[in-house]
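K.L.:
This is what each chain is made of:
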Amino acid sequence: MKSALRAYLLLTPALLVLGALFLGGFAPSFLQSFGYFPAVGMTEPTLSFYREVFGGREFLPSLLFSLRIAFLSSAGAVVFGALLALLLLRTGRGEKIEGALAAIPVIVPHTVAVLLVLNLLARTGLLARLLFASGFISSPDGMPSLVFDRGGLGVIAVYLWKGIPFAAAVVYVVLRNMNTRLWESATVLGASRFQAFRYVVLPLLLPSLSSTFVLLFGFSFGAFEAPFLIGPTFPRALPVAAYSAYIHPDPTFRPYSMVMVVVITFIAMLLVYLYSFFLAGEERAS
Amino acid sequence: MTFRSTIRTKCCMLLLFALFFAAAPRLFASDWGAVLDASRGTTVNFYGWGGDPNVNAWLDTFVAPRLKERYGIALNRVGMGIGEVLNKLLSEKAAGKTDGVIDVVWINGENFFAARRNDLLFGPFTQALPNFREFVDAAAGDVAFDFGFPTEGYESPYGKAQLVFFRDTERLKEAPGGHEELLEAAKKHPGTITYPAPPDFTGSAFVRTVVCDIVGREALASLPADKEALRKAVAPAMEFLVALKPYLWMRGESYPASSSQIKNMFADGEILLGMSYTPFLAPGRVAAGEFPESTESFVFENGTVGNTHFLAIPFNASNASGAMVVINEILTPEAQASKYDPAVWGDLPVLEYARLSSEERALFESVDTGKGAVPLDFMLRRRVPELPANFIPILDEIWRETVLK
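Each protein sequence line maps, in turn, to chains A and B.
Under the working numbering, the letters of the first sequence match residues 508 to 793, in that order.
Under the working numbering, the letters of the second sequence match residues 6 to 410, in that order.
No lab work stands behind these hints: they were computed from the structure.
Glycine included, each C-beta is placed from N, C-alpha and C at the ideal position.
Wrong hints could be hidden among the right ones.
Stated by the list, open to error - Which residues of chain B face chain A? A partial, calculated answer using Cβ under 8 Å:
hint	residue
1	Asn81
2	Gly84
3	Gly88
4	Lys98
5	Asp124
6	Ala202
What the hints assert, rightly or not - Computed footprint of chain A on chain B; a stretch qualifies when at least three of its residues, placed anywhere within it, have a C-beta under 8 Å from a C-beta of chain A:
hint	segment
7	52-64
8	248-260
9	269-276
Work the whole structure out from these sequences, hints included.
P.N.:
Right, here's the structure in full:
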């Protein structure tokens, strides 16, 4: 009991800063989402902005688009990241130059990643030029749309490029610290390599894979720059739609933006709950 | 400590004094002298859209050194979209912040309308500027009004712009003289024409140009700013844009998010026709080697929309006197002639030609508007004044709802 109190006391300064920043930023947004915005003369709280946004023709497609982008890119990053980590570990290259190279995308900013993807995948990009030169397509029009497309492939590509090395780094550390005897015992006891992976390694990896997934999902769900720069005009990702309503010259349109911000925050909080759930699982596993 | 704070108090008093006189309609030379004194050695924070490297370079390499040299003022340019600037000012107003960080803001149209309605601007101040009184015709339609809304001395003209199209004459032989020919060109060259998605400034102006070409400005100007009334009135134009869609870049499913992207795609040869609200953008880019030599600018026969863009001072500017010196400097014939040069920026001047001396006129006459440019007088004769400011966001929404699906 005493030690719990002590822990909370020690955490207080950090919690105060985090709490003040979060509540200080979120409280006005929350109030404005109900149409309470005295600075522009709106003082009657109402649910009508929620009704209008939820009933609007772009909200649902936007929400689904954001969820889909976030899910596909995070799931892909975790799967390919785990494979990359296994490969690095088995070849013993994790601590060498290859390991360092693989970590580069983690530190490159998203905007730069967007530029790289654009240079590669645009209809006048490197890939199109290579396909053109090798005769696979006869004109830039023959190139399928990989950026600005309604499926958000370009956006997913950016998040994959950033996310795979991140997931790999997390999994690599977990794998390296794993007791190798577990794997050996399993094979000695007659498990095939697949069985040893499926029933011994994977369960041990699962908590960190899940928490990495939630982290990546949370980021790509709430991030703005990639879908703004190379996403489709319709449906816009939820943060892009929120931004667009936010910069509307008429400030009485602000509540529409804030409704979307509240939705994004609500989903982010769900993710935090999931994350803490997986984190607890990770502690049990180790 | 006490000594320094007294100086500070004195400076503040002087500033207030200067502001009081500056805001008065009649200003004596000595009062302008007080403004100059109060602003010497200060920094002026200039906030405006930073998406055009040429505009940024002009402010950094032409305006800033002149201010430093002549008035001891340091110009700090901050690139920020007007939507964000207004939100910032609004939050500052709500929080009662009186020492704002923004001194000069680049603004016009629906944003000026919104800023005025929410009392976010300082003024009236234009009559306090010596160069405004000397060179600008305050009663001219494009100075006294901004997108149909009276400016009342709360913003000073910065430059004039008009939507101009450009095409690659090698690959797109004929210049579309109107919306029908634009559709023909798009059918002939599918996937090579597009426009930025409103509410991007240029994309929004393109949609209004099409609206004016099809429906006519006269049919709209007298309507109330009511969504249903406008939707009905512009329906033929929206139908046209829907009909154009299948022949556009990405089959009209997606549109570039900004005019910078139009510029890049044209430079890359991905599109054959683009548009800009900077009338001499294309010749400038040809001279810089970014656009092909075969680039030519044109306007619709019925005209394209044009407007004046302005500079204003926020209600809580910490350095309003410095801001006035900066704005006054931008109204000098030298500054206006410098940014008229397409190699520099290509922005149209706001000074009255008749009020210039022959030496000052020579500054403008010596500017070469470049290869493939639309001649200035030809362009100005085909200039459609912008629609009322409060129509703009409504039209942008109608576009999203009907054209984009």
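K.L.:
Indicate, hint by hint, whether the structure satisfies it.
P.N.:
Results for each hint:
1. Given the 8 Å rule on beta carbons, the hint for Asn81/B is violated: about 23 Å separates it from the nearest Cβ of chain A.
2. With 8 Å as the threshold, the beta carbon of Gly84/B stays out of range of chain A, its nearest partner Cβ sitting at about 14 Å, so the hint is violated.
3. Taking 8 Å as the C-beta contact cut-off toward chain A, the hint placing Gly88/B at the interface holds, the least distance being around 3 Å.
4. Restraint check, Lys98/B versus chain A: the minimum CB separation of about 6 Å is within 8 Å; hint holds.
5. Against a cut-off of 8 Å between C-beta atoms, the interface hint on Asp124/B is violated, since the closest Cβ of chain A lies about 11 Å away.
6. The beta carbon of Ala202/B comes within 5 Å of a beta carbon in chain A, closer than 8 Å, and the hint placing it at the interface holds.
7. Counting residues of the segment 52-64 of chain B whose CB lies closer than 8 Å to any CB of chain A gives 0, so the stated coverage by that chain is violated, three being the minimum.
8. With 4 residues bearing a CB less than 8 Å from a CB of chain A, the segment 248-260 of chain B meets the requirement of three and the coverage assertion stands.
9. Here the segment 269-276 of chain B counts 4 residues with a CB under 8 Å from a CB of chain A, which clears the bar of 3, and the coverage holds.
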